[in-house]
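Residue numbers (numbering that gives the first Met the number 0), protein chains in the order written: chain A, 0 to 202; chain B, 0 to 154.
Hints listed in this document are in silico derivations from the structure and should not be mistaken for laboratory results.
Watch out, some of these pointers could steer you wrong.
[Claimed, not checked] Cβ-to-Cβ under 10 Å is the rule here; a few derived chain A residues that face chain B:
#1 V96
#2 N130
#3 F179
[As the list claims (entries may be wrong)] Just the calculated beta-carbon pair ranges, DEER-fashion:
#4 B:F75 / A:F153: 44 to 50 Å
#5 A:E122 / B:M66: 28 to 34 Å
#6 B:G134 / A:E122: 54 to 60 Å
#7 B:Y79 / A:E122: 29 to 35 Å
#8 A:P111 / B:G133: 33 to 39 Å
#9 B:R22 / A:T7: 46 to 52 Å
#10 B:E72 / A:R53: 40 to 46 Å
#11 B:A124 / A:P131: 34 to 40 Å
For glycine and all other residues, C-beta sits at the position ideal for the given N, C-alpha and C.
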Amino acid sequence: MALINQATKELHVKIVYYGPAKSGKTTNLEKVHSNVQTPYGKGQLVSLATNADRTLFFDFYPIEATVIKGFKTKFQLFTVPGQVIYNKTRQLVLRGVDGIVFVADSQYDKMPENVESFQNMEENLKEMNLNPDEIPYVLQYNKRDLTEIAPVDFMEYLVNNRQVQVPAFEASASQCQGVFETLNAITRLLLQKFLNPVAHRQS
Amino acid sequence: MIPELNHEDMETFDRVLGCFLARSGADAALLVERAGYLIRQRGQLPDCDPVQIATLAANAFAATELMTSLLHEPDFCGMYQEGATISTLTLNIDASCLLFVAFPSHAGAGAVRYFATETLEALAAQLQSASTRGGKGIDLATLNPRDARDLFRGD
């Protein structure tokens, strides 16, 4: 969970990009890293990947901002490996998570994987004694620039079909479309959680 | 869960870590939260970002801890990496924090670990004290979550 350091006036929060394999989680971080405007200097993007550029453990990108007067907020952005066999690794990366971006692949044939990954995320949170209803998350429907994609309504039905819907964003991460909108949305939800721990999901 | 930290905590961490470096001959000591946050650093790492090192150490520790539990070794408390010139030791402090140490390889892990014992206890005691004390939280009076709508911008 978030770390508050009154001595250094810093707030540390951890955001994890979750989703099925090859849905664009790493691409999101790469685009944030290469395009973000920040007065604090760009940190380095760390990727623990295979030779084929598939995430093996996680990608990590630290980024700073001042959202609360007098406090520097340090966001730690992580991705998890999407492949099913890496479930234990995903659990490790989820440790201490404050907010989640679920990156879904918009291609029709990826819908079963989206649903499976979303269910896996809920299971992993529960296994780590985290209540999925108390962890702020947003959805990103990525790869909207491709053909053979599912309508947004259908994707909403699959992964955002709840009493309280969460914010969802269409994106083409490879073209940096929707990347910053998604990041800002999860940031806003996180801050609302600090303001109102009960009602943060209703924004 | 990591407690809220204040000046007293930081001063204690600085003193304890500084004393450890002086006695052990280690190059750098990092107090790291298990989710990967760098809390405090004393000494210098050679030309690398300590934030990255902290995150990698925390996750490597978590992975190795899981591996040892699968091997039915429940008392995992440390991880040693032997380098040609610089070696590292990552040690468990408590449920929330780790101590990462970088030291000259010729110094030997045993000596560093020996001097780390008291350090781990002192750090754990201060973290326990912080937990007991509780925190004052963040003054959110000036916070407007809508401000975060355009917090991060691309080129």
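Going through the hints against the structure:
1. V96: This interface hint holds because 8 Å falls under the 10 Å limit.
2. N130: 14 Å, violated
3. F179: Interface hint status for F179 of chain A: holds (5 Å vs cutoff 10 Å).
4. B:F75 / A:F153: 44 to 50 Å: Distance hint for F75 of chain B, F153 of chain A holds at roughly 46 Å.
5. A:E122 / B:M66: 28 to 34 Å: 21 Å, violated
6. B:G134 / A:E122: 54 to 60 Å: 32 Å, violated
7. B:Y79 / A:E122: 29 to 35 Å: 34 Å, holds
8. A:P111 / B:G133: 33 to 39 Å: Given a distance of about 47 Å, which is not inside 33 to 39 Å, the answer is violated.
9. B:R22 / A:T7: 46 to 52 Å: Violated, at about 26 Å.
10. B:E72 / A:R53: 40 to 46 Å: Violated: the Cβ-Cβ distance is about 30 Å, outside 40 to 46 Å.
11. B:A124 / A:P131: 34 to 40 Å: Since the Cβ atoms of A124 of chain B and P131 of chain A sit about 35 Å apart, the hinted range of 34 to 40 Å holds.
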